[in-house]
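Protein chains: 2
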Amino acid sequence: MKQENALSRRSRQPELINPSRRTLLLGSAGAMAAVSLLGFTPLSKADEPKSLPDYAAWKDRNALIVHSANTMETHRGAIGTGVITPSEKLFVRNNLPAPPASVTEDPDAWEVRIEGVNKPATLTLAELKTLRVTTVASVLQCSGNGRAFFAHGAGGTQWSVGAAGCVMWTGVPLKDVVEALGGPVDGARYITSTGGEALPDGLDPKTLVVERSIPVKAMDSALLAWAMNDTPLTLTHGGPLRMVVPGYYGVNNVKYVKTVALTENQTEAKIQASGYRIRDVGVKGAPDQPSMWEMNVKSWVTAPLKSGQSGRNMIYGVAFGGTVSLEKIEVSTDGGKSWSPARFLGPDLGPYAWRPFVMAVDLVDGEYRIVSRATDVKGNTQPENRTENERGYGHNGWSDHGVTVTIS
Amino acid sequence: MKQENALSRRSRQPELINPSRRTLLLGSAGAMAAVSLLGFTPLSKADEPKSLPDYAAWKDRNALIVHSANTMETHRGAIGTGVITPSEKLFVRNNLPAPPASVTEDPDAWEVRIEGVNKPATLTLAELKTLRVTTVASVLQCSGNGRAFFAHGAGGTQWSVGAAGCVMWTGVPLKDVVEALGGPVDGARYITSTGGEALPDGLDPKTLVVERSIPVKAMDSALLAWAMNDTPLTLTHGGPLRMVVPGYYGVNNVKYVKTVALTENQTEAKIQASGYRIRDVGVKGAPDQPSMWEMNVKSWVTAPLKSGQSGRNMIYGVAFGGTVSLEKIEVSTDGGKSWSPARFLGPDLGPYAWRPFVMAVDLVDGEYRIVSRATDVKGNTQPENRTENERGYGHNGWSDHGVTVTIS
Chain A
1 MKQENALSRR SRQPELINPS RRTLLLGSAG AMAAVSLLGF TPLSKADEPK SLPDYAAWKD
61 RNALIVHSAN TMETHRGAIG TGVITPSEKL FVRNNLPAPP ASVTEDPDAW EVRIEGVNKP
121 ATLTLAELKT LRVTTVASVL QCSGNGRAFF AHGAGGTQWS VGAAGCVMWT GVPLKDVVEA
181 LGGPVDGARY ITSTGGEALP DGLDPKTLVV ERSIPVKAMD SALLAWAMND TPLTLTHGGP
241 LRMVVPGYYG VNNVKYVKTV ALTENQTEAK IQASGYRIRD VGVKGAPDQP SMWEMNVKSW
301 VTAPLKSGQS GRNMIYGVAF GGTVSLEKIE VSTDGGKSWS PARFLGPDLG PYAWRPFVMA
361 VDLVDGEYRI VSRATDVKGN TQPENRTENE RGYGHNGWSD HGVTVTIS
Chain B
1 MKQENALSRR SRQPELINPS RRTLLLGSAG AMAAVSLLGF TPLSKADEPK SLPDYAAWKD
61 RNALIVHSAN TMETHRGAIG TGVITPSEKL FVRNNLPAPP ASVTEDPDAW EVRIEGVNKP
121 ATLTLAELKT LRVTTVASVL QCSGNGRAFF AHGAGGTQWS VGAAGCVMWT GVPLKDVVEA
181 LGGPVDGARY ITSTGGEALP DGLDPKTLVV ERSIPVKAMD SALLAWAMND TPLTLTHGGP
241 LRMVVPGYYG VNNVKYVKTV ALTENQTEAK IQASGYRIRD VGVKGAPDQP SMWEMNVKSW
301 VTAPLKSGQS GRNMIYGVAF GGTVSLEKIE VSTDGGKSWS PARFLGPDLG PYAWRPFVMA
361 VDLVDGEYRI VSRATDVKGN TQPENRTENE RGYGHNGWSD HGVTVTIS
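Protein chains in written order, with full-length UniProt numbering: chain A, 1 to 408; chain B, 1 to 408.
Keep in mind that the hints were calculated from the coordinates and are not lab data.
Warning: the hint list may mix true and false statements.
Put simply, identical chains are the same to the list, so a pair is met inside one copy or across any two.
[To be verified] Dumping the calculated DSSO-like pairs for lysine-lysine here, alpha-carbon to alpha-carbon at most 30 Å: (1) Lys217 / Lys306; (2) Lys129 / Lys89; (3) Lys217 / Lys119; (4) Lys328 / Lys129; (5) Lys306 / Lys119; (6) Lys284 / Lys217; (7) Lys337 / Lys129; (8) Lys119 / Lys175; (9) Lys89 / Lys206; (10) Lys306 / Lys129; (11) Lys328 / Lys89; (12) Lys378 / Lys206; (13) Lys378 / Lys284; (14) Lys175 / Lys206; (15) Lys284 / Lys206; (16) Lys378 / Lys119; (17) Lys206 / Lys258; (18) Lys206 / Lys270.
With the rest of the complex left out, here is chain A:
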């Protein structure tokens, strides 16, 4: 497995190289220490990986923009019009180098420790499979999806729209696991999951470990998933076992999950305490800032993207409400001056899934700014503009997500 440069684009600390701005950003002392300890060196532009890394070699290269060995984005034109994203087109974002591929050779032997329950236990995946099974469709989206549109140059992978997809997860509901182990201990307010990635010696594990806390209410929908799109979960996407929290940003869906604890407080791991926090530009991350938990309402156009013929055109896109279903989707061909209702396409896979949409429109020669605007059943509507924030998280402004199309 290639691990070269694997840490160099972690977005939870300043990127060492931001290729879109072609500027060398010096990492923090901690980041540099980690890189040094793991034997990594910062990338120069010429080193930018063009091929898929070994642990994701099965992916559809043509569908993906390879930002780095740990970050691969689906081209906007490859998102398609389907209710489910084919696995080979789904984006990839790892916070640490993946464990060795050997961990997926005997998936049923994978062990997860359950803490913060009345009867703590270590369970194998084989045991989890006999507790209960559920299948749920859910959008998986990186907190930084849309970061490329921020003007202040938010550090981290410059995702456009393709750090998102909608897939089917199969696993055991977390609440069934917790109930089987005597229920939660008193005072449990968070679900804290820890990833099974190897950590370098000589560094405080809290600075690197992928350990995320989410509100205990997420127990209603969270699952420990062993399959994605009806295929055993790959190493690429966190197999053999992943914490899946439908409607929550990707980082909370901890890969290679080794420990799940019901806890009174959030973890002090850096990725939780200061990472993935919404704060003003220039401000450092801190535990009192909003954490990237539930996703907000969002949509974008997927076709046409550049040009079209005069006459009848079909405008396609995808939309989702995060943790709630959508009420409606609207499309504008004049940059948001006027809006028309679009129509959802295909079966509704539930509140956590996205819905492809389509709108037929007759267009004469000219240039059009096509934008889309989703509204969820709670009445939340996508805002026109992004909320500026240091890390470029949670962008759902409709204006930036539009496309300019020439009809001739």
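On the provided structure of chain A, position chain B as indicated by the hints.
Below, chain B alone, put in the same frame as chain A:
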């Protein structure tokens, strides 16, 4: 493209070779004439294709039983527990050799003639795409799925359970096309679709052409589909354009569709007039016998298939109601003496889709006959036994579809 032997296993006339019974069945005079005209010779067992034919080379070989170059079945163990069958695992059944691959190089240029409407017209796929678009999940199943269980040796491919899958179709609703062309002519009672396969010279086309008529009421759900599972329709599955009739047996879903006509009468093509007709064993096919149109309620177990460990076991399977939704699914581990309710797994994709199911059961050492029984919302329940019929069509008896599992 390899076309050798491609006609030799057409099930709409007696198979020349039935490999599962290892007997040479002499074809009808018509079949032999066709074979001779096309330069084909009957297969001997040693010629049985082991590898995928070129037009299906992209398929998952490990998931498929290759009966012939025109018939490939999904292994029962590869059906999985998902709501959608991945394209590479879906069964293949062609009635004639596929057209040259060049027809899918520029899909939008494909033309279909629409007749039996007030303004008959030839439309390109590009034009169809601007009329309207819909996406529907539907079971695709060969009429002869389950034929292998018939005791009288019904001729044709010896399908077990794997000539079925559930996929997403995207295309234009047929009724929108018909409305755009002025509506149906008076007296239209059938929708008659013609496939675009090349036919040999010197033979009455009616004996070979894939041309099927279905009741005009199917207009409510039929579509002209250009995509399957969000991918442009492959040559393997009838691309660039296929008539898709949700809830109807596979043969009605005419591939490479070149003409769609609203007609007063059913076509006189052999595949309609005498083929795909339910009749008693030993009786020849005739137009007054029931045609293989709407599918019946059906289910089968997909796991475990042979053995399991004592203790908690999860029994999985798939079930569907044809043109209507399911009311319930039951499972028995004692060959049908006693039944327990199973639970549907994953989102409901609508009345034409199948529903995976699961049931948890504690089993001690021993041998178990595991069967499943589905009931649709109209109260139709799978019968215990098959209805004997000459061609082995429409088998939905629960007994034959069970599996015998050893728990130790």
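A quick look at each hint next to the structure:
1. Lys217 / Lys306: Classified as neither; 43 Å inside a copy, 41 Å across copies.
2. Lys129 / Lys89: both (27 Å within a copy, 24 Å between copies)
3. Lys217 / Lys119: within (20 Å within a copy, 59 Å between copies)
4. Lys328 / Lys129: Classified as between; 23 Å across copies, 37 Å inside a copy.
5. Lys306 / Lys119: For Lys306 and Lys119, neither the intra-copy (58 Å) nor the inter-copy (35 Å) Cα distance is at most 30 Å.
6. Lys284 / Lys217: within (28 Å within a copy, 65 Å between copies)
7. Lys337 / Lys129: Between copies only: 27 Å across, 52 Å inside.
8. Lys119 / Lys175: Classified as within; 14 Å inside a copy, 60 Å across copies.
9. Lys89 / Lys206: neither (32 Å within a copy, 44 Å between copies)
10. Lys306 / Lys129: between (47 Å within a copy, 18 Å between copies)
11. Lys328 / Lys89: within (27 Å within a copy, 35 Å between copies)
12. Lys378 / Lys206: Answer is neither; intra-copy 37 Å and inter-copy 59 Å both fail.
13. Lys378 / Lys284: neither (32 Å within a copy, 62 Å between copies)
14. Lys175 / Lys206: within (27 Å within a copy, 61 Å between copies)
15. Lys284 / Lys206: Within one copy, since 17 Å is at most 30 Å while 77 Å is not.
16. Lys378 / Lys119: neither (38 Å within a copy, 47 Å between copies)
17. Lys206 / Lys258: Intra 15 Å, inter 64 Å, cutoff 30 Å: intra-copy only.
18. Lys206 / Lys270: within (6 Å within a copy, 73 Å between copies)
The structure shown violates the earlier hints numbered 1, 5, 9, 12, 13, 16.
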